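> These are the residues of each chain, in order.
Protein chains: 2
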Amino acid sequence: MERRDFLKKTGMAAAAVAGTAISAPSVLAKEKTYRWKMVTTWPPNLPVFQTGAERFAKRVEEISGGRLKIKVFAGGELVPPLGVFDAVSQGTVQAGSGASYYWAGKTPAAQWFTTVPFGLNAQGINAWFYSGGGLKLWEEVYAPFNLVPRPQGNSGVQMGGWFRKKMNTIADYKGLKMRIPGLGGKVISKAGGTVVLLPGGEIFTSLERGVIDATEWVGPMHDLRMGFYKAAKYYYYPGWHEPGTCLEVMFNKKAYDSLPKDLQAIVDAAAMETNMWSLSQFEAGNGAALQELITKHKVELIRFPDDLLDALRKLTKETLEEEADKDKMSRKVHEAFKKFKEQVGIWGSVSENAYYNVIADKFSLKG
Amino acid sequence: MERRDFLKKTGMAAAAVAGTAISAPSVLAKEKTYRWKMVTTWPPNLPVFQTGAERFAKRVEEISGGRLKIKVFAGGELVPPLGVFDAVSQGTVQAGSGASYYWAGKTPAAQWFTTVPFGLNAQGINAWFYSGGGLKLWEEVYAPFNLVPRPQGNSGVQMGGWFRKKMNTIADYKGLKMRIPGLGGKVISKAGGTVVLLPGGEIFTSLERGVIDATEWVGPMHDLRMGFYKAAKYYYYPGWHEPGTCLEVMFNKKAYDSLPKDLQAIVDAAAMETNMWSLSQFEAGNGAALQELITKHKVELIRFPDDLLDALRKLTKETLEEEADKDKMSRKVHEAFKKFKEQVGIWGSVSENAYYNVIADKFSLKG
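Chains H and G, in that order, are what the protein sequence lines are.
Residues in the first sequence are numbered from 6 upward in steps of one, following our numbering.
Residues in the second sequence are numbered from 6 upward in steps of one, following our numbering.
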């Protein structure tokens, strides 16, 4: 039996309690069933992105024993994908899922909480959020919009993208028409490329017909599903522009604050748990998909040349400084991000990086 | 007001309910406050290890709104550190926290769920647990002992250890007295070293007096706290023997099964959330501590030479095959682990590994 049924059916009992010295309203509030709506920026069924948002909602219901039920709507089902921020901010719905860099137009500082080109990877950005003050800063950035953000997923290092021609030097970006959003797109513009923004459903056809010369998407699991290997020959790595993309869930502050403390703890736990789950899904799924791309579809993987990466890194530094100059909060976030990156960077070089290099020859694509 | 107070104080109301057609006992069971004891293998206050177990318990209480309270006892406070497995298995207490490789004597297959030399890093082993069938296998290994395991933390790649002399070739392990537990210790034995097992409190003095020539511990944050830099000159990396050490929480199966479904979901969520939290704590804390070791204590960091690592890897392969031959379950787990490592290995080489190498020069210790 559900708690709410218990309360409904024991209306008499509750009424009896209300007549005593016991604070009945708070008891009833605690036992109340909350029904929330959550809108996302993702297409229906998009693996890990949309299914991750749905997993989050399912877990909230399980963990709360049905006291908080969240109905999830994919992008466009209730509000347009890029209407998520406003819908949650205005309280039209209680929750939303997306990526903070979509909201750069609302507040430029939001961009740092998704991913920064040449910035922190998944392990690093999670450490920043949970143990380095990053989440607190994110809350500060979203507070003026009545929003409470939580990390809810991470893609890990993405792939560099699909190109119809080989990329040898930074000059090859001149005139290149590429689908690439966010800060990475700004860097490509600076390199002389033309950034094209396309809905997911139009990318494949545009690439196949040469309307665009290149596109980045996510990683092997999602790229395989899109069939890009049929439209472009070269698959570049690593994804310098999205080294650990964080997916967000955000709550309308009034809705979040109106929850009893234990339900607040429950949505926090389900978000953090889903963050861990999603990185695991990406890691396992990308591993299997990459093997299929290489062995079955004979895709040619190419590492971006060092000189090209160095040039992109220089342009990234300029781009980040320009973005940080847009307002005080962006500067504050940028400086905090840089400081934390420095703190974990040296450690990363002797731990994960050194270890990956030790096991690398075993898994070398050339091996 | 706590739910249990509500029920106690409304005994009359509950009695009234019991007299109706409503299934009162199930309602009462759901609203019951559970009080559990959890014993750990860790010393009191050991950062992230013991404090992680305590965080887990605290979060269970918060998320459950006080319906499940877990009192945590450090190693030796209620049962000896290595008595944790039996205490939980026999139901003396309901929960325990430690590392599965301590239970190799109970069931050799347990070793694969902590960490495997030259095996998966944190991102990889978590993907194995949550998205690759690893946790299901772990449950299978613990089931005969009435135990339900959950990952509850991960150290990330550890350091290789502190040595009083330089390690140039595999021959340097001959006669070397080193404190190193688990599978890594078995490999060092095979290399001709003498593996010494010491309680945490005796390691520093033994190293300082030359009773042992080397020790591994955890990483910069914990090693700094132990003061090893005062007793040994060379700090080696990477920790090939513990590339992503998983900390466990385990529940007595009868106790776990007796919880209502939502409380089961709550302990699962708190464990998964604490797993994410702990890796973040290690990442942030190790970054800060490593900088202190280098700049303040002038510690010399040295990468193990390639040839030495290759020799250790060969001995590791032999060791793992011998351990896998011990029983059917060990063989099953070993084969599953190897297969998953292969699946994510190629992906790791073009994602995290390639990305770390791109940003490495920025953070190079030589830079």
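Just so you know, these hints were derived from the structure itself, not from any lab.
Heads up, a few of these hints could be off.
Because identical chains share one entry, a pair is satisfied inside a single copy or across any pair of copies.
[Said to hold, decoys possible] Derived DSS-like pairs (lysine-lysine); straight-line CA-CA distance at most 27 Å: (1) K238 x K141; (2) K179 x K42; (3) K238 x K182; (4) K344 x K238; (5) K303 x K344; (6) K74 x K266; (7) K266 x K171; (8) K333 x K63; (9) K170 x K258; (10) K303 x K319; (11) K76 x K333; (12) K111 x K170; (13) K344 x K301; (14) K266 x K333; (15) K235 x K319; (16) K63 x K195; (17) K141 x K171; (18) K37 x K171; (19) K63 x K74; (20) K42 x K266; (21) K74 x K337; (22) K331 x K76; (23) K141 x K343; (24) K322 x K303; (25) K343 x K303; (26) K343 x K301; (27) K74 x K322; (28) K343 x K238.
Just so we're clear, the structure is a prediction, and the values are computed from it rather than from any experiment.
> For each hint, tell me whether it holds in the structure or not.
Each hint tested on the structure:
1. K238 x K141: Answer is neither; intra-copy 43 Å and inter-copy 39 Å both fail.
2. K179 x K42: neither (45 Å within a copy, 65 Å between copies)
3. K238 x K182: within (16 Å within a copy, 55 Å between copies)
4. K344 x K238: neither (39 Å within a copy, 29 Å between copies)
5. K303 x K344: between (42 Å within a copy, 22 Å between copies)
6. K74 x K266: both (16 Å within a copy, 16 Å between copies)
7. K266 x K171: Neither: 55 Å inside a copy, 55 Å across copies.
8. K333 x K63: Classified as neither: same-chain Cα gap 38 Å, cross-chain 37 Å, threshold 27 Å.
9. K170 x K258: neither (48 Å within a copy, 58 Å between copies)
10. K303 x K319: Classified as neither: same-chain Cα gap 33 Å, cross-chain 32 Å, threshold 27 Å.
11. K76 x K333: Neither: 37 Å inside a chain and 45 Å across chains, both beyond 27 Å.
12. K111 x K170: For K111 and K170, the Cα distance exceeds 27 Å both inside one copy (36 Å) and across copies (58 Å).
13. K344 x K301: Result: close only across copies, 19 Å inter versus 44 Å intra.
14. K266 x K333: neither (33 Å within a copy, 47 Å between copies)
15. K235 x K319: Close neither inside one copy (33 Å) nor across copies (41 Å); limit 27 Å.
16. K63 x K195: For K63 and K195, neither the intra-copy (43 Å) nor the inter-copy (49 Å) Cα distance is at most 27 Å.
17. K141 x K171: So K141 and K171 fail the 27 Å test inside a copy (42 Å) and across (44 Å) alike.
18. K37 x K171: Classified as neither; 60 Å inside a copy, 65 Å across copies.
19. K63 x K74: both (8 Å within a copy, 24 Å between copies)
20. K42 x K266: For K42 and K266, both the intra-copy (20 Å) and inter-copy (24 Å) Cα distances are at most 27 Å.
21. K74 x K337: The answer is neither: 37 Å in one copy and 40 Å across copies each exceed 27 Å.
22. K331 x K76: neither (37 Å within a copy, 50 Å between copies)
23. K141 x K343: within (16 Å within a copy, 40 Å between copies)
24. K322 x K303: Neither: 36 Å inside a chain and 31 Å across chains, both beyond 27 Å.
25. K343 x K303: Answer is between; shortest inter-copy Cα gap is 24 Å, intra-copy 39 Å.
26. K343 x K301: between (41 Å within a copy, 22 Å between copies)
27. K74 x K322: For K74 and K322, the Cα distance exceeds 27 Å both inside one copy (44 Å) and across copies (49 Å).
28. K343 x K238: neither (36 Å within a copy, 31 Å between copies)
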